[in-house]
Structures are given as structure tokens and as C-alpha cells.
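Protein sequences appear in the order of chains F and C.
Heads up: the first sequence begins at 1 in the numbering used here, then just goes up one per residue.
Heads up: the second sequence begins at 1 in the numbering used here, then just goes up one per residue.
Hints are computed from structural coordinates only; laboratory data are not their basis.
It cannot be assumed that every hint is accurate.
[Stated by the list, open to error] Here are the simulated distance ranges between beta carbons: (1) F:Gly-42 with C:Ser-84: 22 to 30 Å; (2) F:Thr-38 with C:Ala-1: 14 to 22 Å; (3) F:Gly-62 with C:Ala-17: 44 to 52 Å; (4) C:Met-83 with F:Pro-61: 35 to 43 Å; (5) F:Thr-5 with C:Thr-104: 48 to 56 Å; (6) C:Glu-71 with F:Thr-14: 42 to 50 Å; (7) C:Leu-56 with F:Thr-80: 42 to 50 Å; (8) F:Thr-7 with C:Leu-56: 33 to 41 Å; (9) F:Ser-79 with C:Ser-84: 36 to 44 Å; (10) F:Arg-30 with C:Thr-5: 30 to 38 Å; (11) C:Gln-42 with F:Arg-73: 18 to 26 Å; (12) F:Ser-70 with C:Ser-12: 44 to 52 Å; (13) C:Pro-79 with F:Arg-63: 30 to 38 Å; (14) F:Gln-54 with C:Val-29: 35 to 43 Å.
[Stated by the list, open to error] Where chain C lies over chain F, by a calculated footprint (3+ residues, C-beta under 8 Å): (15) 29-42; (16) 45-57.
C-beta: ideal position from N, C-alpha, C; glycine also.
The primary structure of each chain is shown beneath.
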Amino acid sequence: KAGVTQTPRYLIKTRGQQVTLSCSPISGHRSVSWYQQTPGQGLQFLFEYFSETQRNKGNFPGRFSGRQFSNSRSEMNVSTLELGDSALYLCASSSPWDSSYNEQFFGPGTRLTVL
Amino acid sequence: AQSVTQLGSHVSVSEGALVLLRCNYSSSVPPYLFWYVQYPNQGLQLLLKYTSAATLVKGINGFEAEFKKSETSFHLTKPSAHMSDAAEYFCAVRGTASKLTFGTGTRLQVTL
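Only chain C is shown next, with the shape it has when bound in the complex (with noise of 0.2 Å):
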């Protein structure tokens, strides 16, 4: 079965700093990985998949996720962080059909 395990369920950074939202999956056969942000109140909203056309996948908000085969890992990234960018992220793998296994999230809080 596929899953995914994110790494720290809170992270806090400053405003500015990088952001580094960890991830790392479970999967027989080649994933397909994706990231999801959830504000409160909200559904989900993609950010950006991994589907193999390219190991480096640029998302939306500035934020990208590399996938290392090596390492199982598929970590988002964000070079400054705004503090519009504070909310739940949510990692995920497609498993069978359109079914999505998803993290337990990590919620962001960019302080001042």
C-alpha cells in the first residue's frame, strides 16, 4: 500500500526565511505526489504533483518539491516565506483510481 509520512506536524519560521515542509512516501511502483495547502475554513488546494516528467516541480506561491528516488522523499520548499504563506500542507500519494493517501499535515506559522 502507498502512504506518506510527513515530518513534524508544526513549523514555525520568520518571515523571509526559507520554508522546509518534510515528506517522505511509501510506494511499490512510481508515485504520484502531490501537495496541498488548506487554509482554515477551506478545502484543499493543489500546489503542485509529481507525476515523472521531472524530478524538480515548480508549484504555485513560489513554493517547489524535489523528488529524490534515493532518499523517498518528495520535501517543499519556499525560498522566503510570506506570512500569507501560514496554513495547513498537506502531502499526498495517488494511489488506485483517484484515491489520495494523504500525511497527517503540517501547519505553518510565519512569525514577524
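The shape of chain F in the complex, shown without the other chains (with noise of 0.2 Å):
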């Protein structure tokens, strides 16, 4: 079974641009969510989507947003980019219909730097 995948692993943008990453869970799996991770704040949770519905959201501004289409593939947006938003943005997948629903699986993440 394929893992879970993201696009682009890197992305160099300015501030102020856009910028959009893609995740594509592991198949059957209908939750996604989206986790940034930087040296000052480390892990912290941004949004899930379950089923094309955002179920969860983190404490993150407006800037920060995302969707999930009928297969489960999800994207998430930053608008109005800043320096801050340099990290590694990893997304994770998991299954209700599995016993092991409480597991996520994690994909490789994309690196994203704000010049």
C-alpha cells in the first residue's frame, strides 16, 4: 500500500505570494491533517478534513487554509506570505474504519522557505 505523498518536498517563494501544497493519503483513508513544524514552535496541529469537511482547526490566522476533495486528496493554502511561515508542512492520514484509527501516517513533508 502506497504511503502517504506530498507536493512539492521543496518550495522556495517571496513574501507576499501564495502558495499552495498537496497531500494524497493512503488509500481508503478519509482524514486528513496538516501539521507545521519550525525550530521555535515545533509541531502544532493546523486543520483536519474528514469526508470534505474541515472537522478541527489549530490556532493559525486566516492566511492558512485548506480543503479536501472527494478522493480524500487535500490541499492546504498561505496566502500573504511571511518569513515566519518557513517550515516544513507535513501532512497525515488515518481511517476510521481502521482498528487502528487513532494512528495517523505521516507523509515526508513539503519545506517551504519565505525569502
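Starting from the two chains in their separate frames, assemble the complex, guided by the hints.
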């Protein structure tokens, strides 16, 4: 079974631009969560989507948004990029139909650098 | 709100020595607890999880953790460290739906 895939793996943007990151969950998984990882703040939860609906949201400004498609693939968008948005963005998927529902499977991440 | 605290941002052990990484949790309900490992430039890999089935949990790569409610702890151990264990380790607690709250991480260094 293929794992969680994230594209692109690396991205360089300048301040003020916007960016879209993509995540394809494990086949059959319907929940996708996004996390931001920075040296200063560590791993922080951004949001979770389940069956195309945002089910949970972290404490991030409205510049951070996401969506999920009918095939469970998810995108997150960051508008008006700031230097502090430079981070590793991780996507994780899980399945409520799996006995290990509590387990989240992480992708390799997208490294975003804002100049 | 649920949270976890990892004591020690850096731990150094000799190859073959015991590995002990500490994690304490705060939760008003029985927690679901996890340990993840992250190698450089990679995502997170699940080492093990506690979901109330057993207090001693065995994971991959020879790691195990014991849930101690009286001490609100979920420390990660491995009897004998290997060079390939050098990585960053994160303790996490599951909150609402699938949301994970992570500790600040412990970087494990293994020396010869």
C-alpha cells in the first residue's frame, strides 16, 4: 500500500506570494490532517479534514486554509506569505474504519522557504 | 486541554547503552499516547502507541514504553542503543478527532 505523498517536496517563495501544497492520503483513508513544524514552535496542528469537511482547526491565522476533495486528496493554501511561514509542512492521514484509527500516517513533508 | 512534556531536548548515549526518553502527559480523560521518530529531512514514523489495551507497549526497532497513570508518564526505552537510533523523538497525545498535540522533541545522539 502506497504511503502518504506530498508535493512538492521543496518550495521557495517570496514574501507576499501565496502557495498551495498538496497531500495524497493512503488509499482508503478519509481523514487528512496538516501540521507545521518549525524550530521555534515545534509541531503545531493546522487543521483536519474528513469527508471534504473541516472537522478541526488549530490556532493559525486565516491566511492558512485548506480543502479536501472527493477522492480524499487535500490541499493547503497560505496566502500573503511571511518570513515566519518558512517551515516543514506535514500531512497525515488516518482511517476511521481501521482498528488503529488512532494511528496517523505521515508524509515526508513539504519544506517551504520564504525569502 | 491535553498536553505532553518531554524532559530533555538532547540525550546522548553510547552505543549499546540503555535509551530512556521521558514524556509526561496531562489529560482529563484516559489518553491515547504515541511516540514518533523523525530522521533528518523526513516525516514522522510511528514507533508505538498506547490505547489502554496494555500498559507496556512494544513498538518497532526494539523500543517500548510503559504507561504509568500514577506518574502520568509514558517514557520510551530501548535496552541497547544502535547508531541508527540517532534521530529526533516526539511524544504526542491525541485530542479531539485526529488532532495530535506533540511535545517539543528529544534529539537522541548515539556515540561509539
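Right, here's what the structure says about each hint:
no. : hint                               : verdict
1   : F:Gly-42 with C:Ser-84: 22 to 30 Å : 24 Å, holds
2   : F:Thr-38 with C:Ala-1: 14 to 22 Å  : 21 Å, holds
3   : F:Gly-62 with C:Ala-17: 44 to 52 Å : 49 Å, holds
4   : C:Met-83 with F:Pro-61: 35 to 43 Å : 42 Å, holds
5   : F:Thr-5 with C:Thr-104: 48 to 56 Å : 28 Å, violated
6   : C:Glu-71 with F:Thr-14: 42 to 50 Å : 49 Å, holds
7   : C:Leu-56 with F:Thr-80: 42 to 50 Å : 49 Å, holds
8   : F:Thr-7 with C:Leu-56: 33 to 41 Å  : 39 Å, holds
9   : F:Ser-79 with C:Ser-84: 36 to 44 Å : 41 Å, holds
10  : F:Arg-30 with C:Thr-5: 30 to 38 Å  : 32 Å, holds
11  : C:Gln-42 with F:Arg-73: 18 to 26 Å : 21 Å, holds
12  : F:Ser-70 with C:Ser-12: 44 to 52 Å : 49 Å, holds
13  : C:Pro-79 with F:Arg-63: 30 to 38 Å : 47 Å, violated
14  : F:Gln-54 with C:Val-29: 35 to 43 Å : 23 Å, violated
15  : 29-42                              : holds (count 4)
16  : 45-57                              : holds (count 5)
When held up to the earlier numbered hints, the structure conflicts with 5, 13 and 14 and fits the remainder.
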